[in-house]
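Chain by chain, the residues:
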Amino acid sequence: MKNQPQTPQPQKSPLRFLPLHELHVGLGGKMAPFAGYEMPVQYPMGVMKEHIHVREKAGLFDVSHMGQAWLSLKEGIGEDGAHEKIAAALETLVPGEIQKLKPGRIRYSVLLNDQGGVEDDLMITNPLGDENRGRLFLVVNAAVKEQDFALLRTKLGEVADLTVWETRALLALQGPKAADVLARLVPDVADMPFMSMMEVEIFDSKAMISRCGYTGEDGFEISLPASKVEALAQYLLDHEDVAPIGLGARDSLRLEAGLCLYGHDMNSETTPVEANISFAIGKRRREEGGFAGAEKILGQLRDGASKLRVGIKPEGRAPAREGTEIQSPDGATIGIVTSGSFGPTFGGPVAMGYVNEPHTESGTDVQLIIRGKPAPAKICDMPFVAQNYYRAKK
Amino acid sequence: MTTRYTKDHEWVSLEGDVVSIGITKHAAEQLGDVVFVELPDGGKSFAQGDDMAVVESVKAASDVYAPISGEIIETNQTIVDDPAKVNEDPEGAGWFVKIKISKPEEFEALMDEAAYKDFIA
Chain F
1 MKNQPQTPQP
11 QKSPLRFLPL
21 HELHVGLGGK
31 MAPFAGYEMP
41 VQYPMGVMKE
51 HIHVREKAGL
61 FDVSHMGQAW
71 LSLKEGIGED
81 GAHEKIAAAL
91 ETLVPGEIQK
101 LKPGRIRYSV
111 LLNDQGGVED
121 DLMITNPLGD
131 ENRGRLFLVV
141 NAAVKEQDFA
151 LLRTKLGEVA
161 DLTVWETRAL
171 LALQGPKAAD
181 VLARLVPDVA
191 DMPFMSMMEV
201 EIFDSKAMIS
211 RCGYTGEDGF
221 EISLPASKVE
231 ALAQYLLDHE
241 DVAPIGLGAR
251 DSLRLEAGLC
261 LYGHDMNSET
271 TPVEANISFA
281 IGKRRREEGG
291 FAGAEKILGQ
301 LRDGASKLRV
311 GIKPEGRAPA
321 REGTEIQSPD
331 GATIGIVTSG
341 SFGPTFGGPV
351 AMGYVNEPHT
361 ESGTDVQLII
371 RGKPAPAKIC
381 DMPFVAQNYY
391 RAKK
Chain A
1 MTTRYTKDHE
11 WVSLEGDVVS
21 IGITKHAAEQ
31 LGDVVFVELP
41 DGGKSFAQGD
51 DMAVVESVKA
61 ASDVYAPISG
71 EIIETNQTIV
81 DDPAKVNEDP
91 EGAGWFVKIK
101 ISKPEEFEAL
111 MDEAAYKDFI
121 A
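Respectively, the protein sequence lines represent chains F and A.
Residue numbering for the first sequence follows our numbering, starting at 1 and increasing by one per position.
Residue numbering for the second sequence follows our numbering, starting at 1 and increasing by one per position.
The hints are simulated quantities; they were obtained by calculation from the structure and are not laboratory data.
What you were told as hints is all true, and nothing was included just to trick you.
Coverage of chain A stretches by chain F, computed from C-beta distances (three or more under 8 angstroms per stretch; other residues unrestricted):
| hint | region |
| --- | --- |
| 1 | 1-10 |
| 2 | 27-37 |
| 3 | 46-56 |
| 4 | 59-73 |
Ranges between beta-carbon positions, derived for each pair:
| hint | chain 1 | residue 1 | chain 2 | residue 2 | range |
| --- | --- | --- | --- | --- | --- |
| 5 | F | 363 | A | 89 | 35 to 43 angstroms |
| 6 | A | 7 | F | 323 | 24 to 32 angstroms |
| 7 | F | 304 | A | 7 | 50 to 58 angstroms |
Using N, Cα and C, we set each Cβ at its ideal position, and we do this for glycine too.
Isolated chain F, as found in the complex (with noise of 0.2 angstroms):
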């Protein structure tokens, strides 16, 4: 038995390990490097269990290894309109709404180059209290953080400063569970907003709580110190609904929500709108440009993409791999897979892919050649699992 080829990983600079490494060794997580740490693929619960752990109750995940990074003005922090200020200069580089991001509240959004392709997906806050006026808070992807830093410093560097936060940890609560268990310790976060933030004092130490996530369900994204994220980590573990999740799990977890995963399901080639996440782009920033690759990110939204991301859902039960080539039932290419496995709560193979015009209308019938055979798909609409985001009461 031997494994099939896989998209390999860049090798660069030695193996890091994260704060939590012996934790993660010590409750028989298998390791395995990605992004340039030493990773925990799985525990002894296994990808499947774990997945489904998650969607039922409540899974701890450790993301340690994603850059957290703070965006401060050089000049006039405190200052009314500093925010807009240092919104306006990150805007140059991505299409979301940022000046209008109020204070405790989180986007999603795209670094883009100069060609309209990502650069890398993240995370952006605007942080509590006046005097963080002018200061924006950015969770980037692990893989190309220091692409991301070093675009960030060239391209705003006049006008402002970018600090890594490099003694810090990050972990997420994800699943339904994930607010009573968090709110043992934090009763607010029971009706904290869907892409909020607070800060909060927990062991002895400030930690900034993010509701957000990347597997489609309720969930938290928590910021510490390094040197307190094993007493946080030890404390969810304890409870009976919280268990380790590796990323095997994370990874058909966003798949069945319909997430993208940067350096697979979207590049520095693609654009935000063949990425089809063009909800990322805000109102105000399509009538005003003024972001890079603008042109042909308008453009593209105005009269259409070539090629889109799509949901694709195989026929038969063999999953089709990152990497399938996708053909119309006559037998032309039209597009690739860019993510693909076996979806434990879809309870069947699920992929998402790029496929070419006019063959993006979910409904359609493809066909993908898996090992050398062509095997009858779909595309179909994103997620497969219905998201389970919170909604305040009102």
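Here the structure of chain F is known, so what remains is to put chain A in place on it, guided by the hints.
Chain A alone, transformed into the frame defined by chain F:
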């Protein structure tokens, strides 16, 4: 019945001139939850080392090589319909195929249980 093992983590049990073939408990554990199995058609012949079957977990796809030359005389449809059977009982009910062997000497050259245990230790 004698059972031998391959470096690719298959077990091969000989009875007369027919072998049953599957993946070892160790392989099933390494693979994780099996979600898909593809078996060859009955009647098909393989040379030792040919791609014979496919087994996939949530994470990855793996090829299963023919551990011995011969002709497929039976396949285990149960694991195609319920791939989790491979994890539940990899060296029993989770068998893959039965092959009528054409080169008995290939069987003799495979590892015995003690050698396989050393190999995975």
